[in-house]
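Count the sequence shown with my numbering and you get residues 19 to 312, in order.
Source of the hints: derived by calculation from the structure; they are not laboratory data. Not one of these hints is a red herring.
Within a straight-line C-alpha distance of at most 25 Å, the following computed SDA-like cross-link-like pairs (lysine to any residue) qualify:
(1) Lys143 x Ala38
(2) Lys174 x Ala82
(3) Lys174 x Ser308
(4) Lys143 x Arg95
(5) Lys174 x Tyr145
(6) Lys143 x Arg295
(7) Lys143 x Leu179
(8) Lys174 x Asp126
(9) Lys143 x Arg279
(10) Lys174 x Arg68
(11) Lys174 x Gly52
(12) Lys143 x Asp71
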Amino acid sequence: MTDRAAPARAWLDGRVIPLADARIPITDHGLLYGDGIFEGIRITAGRVFRLDDHLERFATAARAIGLALPGGTAAARAAVFETARAFGEPEAYARLVCTRGVGALGVDPIPCHEPRLFCIVDRIKLYDERQRNEGLDLVTVSVRRPPADVLDPRVKSLNYLNNVLAKREARLRGADEALVLNARGDIAEAAVANVFCVRGGALLTPPATDGALEGITRRTVLELARELAIPASECTIGRFDLFACSEAFLSGSGAGLVPVRSLDGERLGGPGPVFARILRAFLDAAPALSVPFD
19 MTDRAAPARA
29 WLDGRVIPLA
39 DARIPITDHG
49 LLYGDGIFEG
59 IRITAGRVFR
69 LDDHLERFAT
79 AARAIGLALP
89 GGTAAARAAV
99 FETARAFGEP
109 EAYARLVCTR
119 GVGALGVDPI
129 PCHEPRLFCI
139 VDRIKLYDER
149 QRNEGLDLVT
159 VSVRRPPADV
169 LDPRVKSLNY
179 LNNVLAKREA
189 RLRGADEALV
199 LNARGDIAEA
209 AVANVFCVRG
219 GALLTPPATD
229 GALEGITRRT
239 VLELARELAI
249 PASECTIGRF
259 DLFACSEAFL
269 SGSGAGLVPV
279 RSLDGERLGG
289 PGPVFARILR
299 AFLDAAPALS
309 VPFD
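Working from the sequences, and respecting the hints, build out all of it.
Shown next as structure tokens:
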């Protein structure tokens with residue numbers, strides 16, 4: 019391994035190529051309409067984190083939108099492994115994508131006969147060391163999460179405009195991250211991460227019915243909380259709960275676990291003892307929950 023950073027790699031049409039050389043037709047409905055699904059998967063110490071869980075969610079989302087995965091989950095697994103091996107670095111991020119494929123101009127998906135599967139592996143750094151050590155500054159954004167009966171958050175759709183606009187507003191207002199509410203004014207999640215808070219020693223996180231993605235990292239946190247005898251539940255929480263909490267943090271495949279230090283300019287406290295316990299348990303458990311790509 020040299021000091022030079024490895025170039026990003028992509029798996030497309032059954033082979034691994036430099037990401038810069040990857041091309042898809044501009045009439046692909048994934049590009050035209052956001053018609054497709056994706057998974058973001060963490061690679062740590064040369065191991066792919068909870069790949070089976072990601073593939074299960076990927077396949078379920080495909081069924082939910084009537085999308086046939088080319089080659090099924092076996093092809094998706096091979097794409098992740100082959101791209102990760104070609105990239106070669108032990109710390110990376112895999113983006114697994116399936117689009118509806120090429121079709122006519124128009125939203126009708128029936129003429130799209132060949133769904134397209136591809137995978138990208140590259141480095142990712144959503145937050146710097148200061149943010150990880152001291153915590154993130156959040157603002158409540160005006161962008162609201164669509165109701166679950168409009169767009170089910172359990173489907174990681176390529177249509178991420180809601181998330182993009184939330185992140186854009188937060189960054190333009192000088193914050194690190196967005197706090198996104200649902201139509202009722204309750205917390206859904208951050209722009210691209212799940213939200214946790216600690217009240218009375220109990221760990222709370224919004225359910226999917228409030229607009230939260232059922233994140234793989236989120237699931238791991240809830241499992242670890244039970245092992246650590248930390249009371250944990252999925253329940254409706256509002257901005258008031260964050261202002262009243264003793265700790266808050268975010269979780270996600272790209273983000274990892276990151277504490278929150280403020281919301282709308284009000285100090286929340288930054289990293290706390292519950293977060294520290296869960297972070298340590300998460301780092302300790304990750305190798306056993308991961309599979310080597312070699």
